[in-house]
Amino acid sequence: MARFVVRRLIAMVFVLFAVTIVTFLIFNVIPNGDPAVRMAGKIPTETNIAAIREEWGFNDNVLKQYGLMMKKVFTGDLQSYFTQLDVGEEIVRGLPATLSLAIGAAILWLMVSIVFGLYSAMRAGKVADRLLTILALIGISMPVFWIGALMNHYLGFELELFPNGGYVGLTENPIQWLYHMILPWTALSILFIGFYSRVLRSNVLDTINEDYVRTARAKGLSERRVMVRHVLRNSMIPIITLWGLDFGFVLGGGAILTETVFTLEGVGQYAAESISQLDQPPVVAVTLFGAFFIVLVNAIVDIAYAALDPRIRLEA
Amino acid sequence: MTVDPATDFSLDLGAELAAEEEGGGRATEASSPFRLGMRRLRRNKTALAFGALFILLVAVSLAAPLWSDHVAHKGPSQGKTTDQIRIDGKLTDVVSVDSIPIGPTWRGEYFLGSDESGRDVMVRLLYGGRNSLVIGIFAALITTIFAVLVGLVAGYFRGWVDAVTRAVLDVMWSFPVIILGVALGVALALGGLKLGPISIASGSKLLPLLIIAFIYIPYMARPVRGQVLSLREKEFVEAARAQGAGPIRIMFSELLPNLASTIVVFFTLLVANAILLEAALSFLGAGVQPPETSWGTLIESGVERIVTAPHLTIVPGLMLVATVLALNVFGDGVRDAFDPRAKVRMEH
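Chains as they are written, first to last, in this note's numbering: chain U, 1 to 316; chain W, 1 to 348.
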């Protein structure tokens with residue numbers, strides 16, 4: 001196990017390095033005019049451009065430029081030339097909201113998917129199953145920013161059932177925090193519930209025909225015990241892997257759209273505002289951190305999986 | 001987002017039909033897997049109906065100039081806030097004095113109402129739909145071509161070619177789809193792209209198209225490569241090699257036809273995902289740039305005015321959802337018919 005972990009972590013370091021290279025290539029090397037002008041954003045000034053050229057070493061060779069960019073990103077010396085704010089500080093400030101959104105939504109979508117998926121499988125082919133399947137298909141076809149905006153407008157603004165966007169810190173006021181998070185969690189979860197409940201449904205249908213399930217029934221276990229202990233448990237393995245990866249995906253960037261719609265003022269909304277201003281330094285940071293997060297979560301998922309299933313660590 | 005339709009059969013129709021067919025005598029007839037797939041697909045009425053819905057939506061969007069010339073009498077960027085329209089005999093401002101645009105009139109002009117600048121929502125919806133669909137379909141086409149090429153070459157030659165391709169694809173895979181799209185979109189939005197002889201101006205629709213096409217390559221190249229790896233060990237490849245066929249001929253006339261099912265399955269779902277990604281990028285301002293429109297930019301400008309004119313958000317969103325839903329249901333049917341065990345993992 002220790003050997004597997006070490007090997008997986010070394011591989012991770014290589015991928016992280018490659019990710020920094022790709023990010024550098026995207027922002028500094030793609031041939032399309034003066035990178036200093038792009039870095040200065042939508043409304044560049046002459047002095048800004050000259051200063052940026054000097055600061056980012058755009059006149060130096062590529063290797064030195066790469067070094068400078070990484071130094072800026074990792075020493076927290078990255079600054080927006082549009083708002084004059086420190087990028088690192090802004091990201092740290094947005095983290096609580098982003099984490100609240102991602103963690104809460106991940107729990108919500110997993111729980112609801114289990115209920116829907118299991119129910120769908122037990123009623124396979126019946127009306128309830130078809131209805132849930134249709135709902136799932138509609139769910140995966142809806143852009144989160146669209147359904148989120150409608151929910152925020154109709155449930156939040158018109159009916160005043162929920163607050164109309166905004167974020168309240170968990171430590172500030174836990175009740176208000178929960179109240180403000182319900183709509184964002186739901187909006188973000190819809191898509192994943194659509195996918196997961198369908199995957200779970202088919203996994204359950206596959207498992208139901210296994211010999212050990214027949215054995216469990218034959219020895220007189222209650223239907224509930226068979227479904228939960230034998231069928232559901234074994235159907236969950238692929239779901240949990242997906243869940244880990246998607247959680248990383250949401251934290252690493254998927255939350256951008258949801259946060260914007262509900263004005264949660266997290267990292268995602270900061271990213272979205274920077275994007276609409278074509279404010280490049282924050283986008284560089286968010287790209288890099290988003291990818292880092294995914295790589296990290298992938299490694300954790302792999303290691304957790306290997307810990308649970310010895311075949312995997314022996315194979316790799 | 002992840003899709004693992006490996007085991008997931010949407011309305012079960014395809015799977016049922018396939019089982020039924022194996023029981024019946026017709027399957028014993030010698031047919032290529034592709035023809036068998038087509039036959040199964042033809043019998044899946046739900047999938048066909050949604051496929052037809054998609055074609056209808058494409059046709060409607062293609063007819064945008066007809067609607068704008070003959071029914072609405074307005075181009076997508078024409079309109080003034082002072083414009084008026086005759087409803088039930090009396091003249092009404094399309095944008096009220098409190099700058100609230102009118103909602104659907106259900107008449108030729110301003111069929112779906114007006115936007116904040118007095119432009120006809122229906123006309124903009126149709127023109128925007130053209131852009132969304134063109135970007136979705138052609139991005140999927142480009143992804144498919146490159147993914148198949150990469151998969152064929154990597155899977156056929158193996159060795160260092162494969163190792164290098166896999167490493168590159170893995171790194172691309174590490175970026176969340178939306179982040180990679182946004183990063184490329186922001187980097188290219190000012191200044192456009194100049195690659196040797198190719199030069200694309202900033203603000204061109206080609207930029208989001210190419211960005212989306214590029215991003216999805218690993219999602220399709222990986223499974224294609226996997227399939228090529230197993231196909232290349234088959235007897236028919238050995239037979240071709242014994243006849244003196246070179247790598248090019250083996251790749252394109254022996255292996256490629258056997259990839260047809262995989263390609264068809266992926267293509268449909270790619271179009272759906274590309275349309276959604278275009279909308280997300282445009283919503284964030286890193287996709288289609290004004291004055292061009294797409295469903296994504298329409299939703300983006302609609303959300304800003306959702307309090308006074310919710311129809312500006314609802315209308316383009318419904319079109320988008322209808323299109324993607326049609327493609328998803330049809331794509332499920334295609335997968336059931338051609339390759340029920342295909343593993344598709346995609347994000348949007």
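Read the hints as simulated data drawn from the structure, not as lab findings.
Quick reminder that beta carbons are idealized off the backbone N, C-alpha and C, glycines included.
Hints should not be assumed to be uniformly reliable.
[To be verified] Reference listing, derived: stretches of chain W covered by chain U, where coverage requires no fewer than 3 residues with Cβ under 8 Å from a Cβ of chain U:
(1) 169-175
(2) 182-195
(3) 266-279
(4) 283-292
(5) 314-325
[What the hints assert, rightly or not] Within a straight-line C-alpha distance of at most 30 Å, the following computed DSSO-like cross-link-like pairs (lysine-lysine) qualify:
(6) U:K72 with W:K194
(7) U:K64 with U:K126
(8) U:K126 with W:K45
(9) W:K194 with U:K64
(10) W:K45 with U:K71
(11) W:K90 with W:K80
(12) W:K205 with W:K194
Can you tell me if the stretch 169-175 of chain W counts as covered by chain U, using C-beta to C-beta distances under 8 Å and a minimum of three residues? holds (count 5)
Holds or violated: K205 of chain W to K194 of chain W, with C-alpha atoms at most 30 Å apart: Holds - the C-alpha atoms of K194 of chain W and K205 of chain W are around 15 Å apart, at most 30 Å.
Go check the stretch 266-279 of chain W versus chain U for me, would you? Three or more residues, Cβ under 8 Å, otherwise it fails. Coverage by chain U holds here, the residue count being 3 at a Cβ distance below 8 Å.
What's the verdict on K126 of chain U and K45 of chain W, does the C-alpha distance respect the 30 Å limit or exceed it? Roughly 19 Å between the alpha carbons, so the hint for K126 of chain U and K45 of chain W holds.
Given hint K126 of chain U paired with K64 of chain U - CA-CA distance at most 30 Å: violated (64 Å)
For a C-alpha distance cap of 30 Å, please report whether K194 of chain W and K64 of chain U respect it. Holds, at about 23 Å.
Hint consistency between K45 of chain W and K71 of chain U [alpha-carbon to alpha-carbon, up to 30 Å]: violated (59 Å)
How does the coverage statement for the stretch 182-195 of chain W fare against chain U, requiring three or more residues with Cβ below 8 Å from a Cβ of that chain? holds (count 14)
Distance restraint between K90 of chain W and K80 of chain W, which requires alpha-carbon spacing of 30 Å or less: holds (19 Å)
Establish whether the coverage given for the stretch 283-292 of chain W by chain U is satisfied; the threshold is a Cβ-Cβ distance below 8 Å, and no fewer than three residues must meet it. holds (count 4)
Counting residues of the stretch 314-325 of chain W that have a beta-carbon nearer than 8 Å to any beta-carbon of chain U, does the count reach 3? Since 6 is at least three, the answer is holds.
Please work out if K72 of chain U and K194 of chain W have their alpha carbons no farther apart than 30 Å. holds (27 Å)
This entry does not satisfy hints 7 and 10, going by the numbered hints stated previously.
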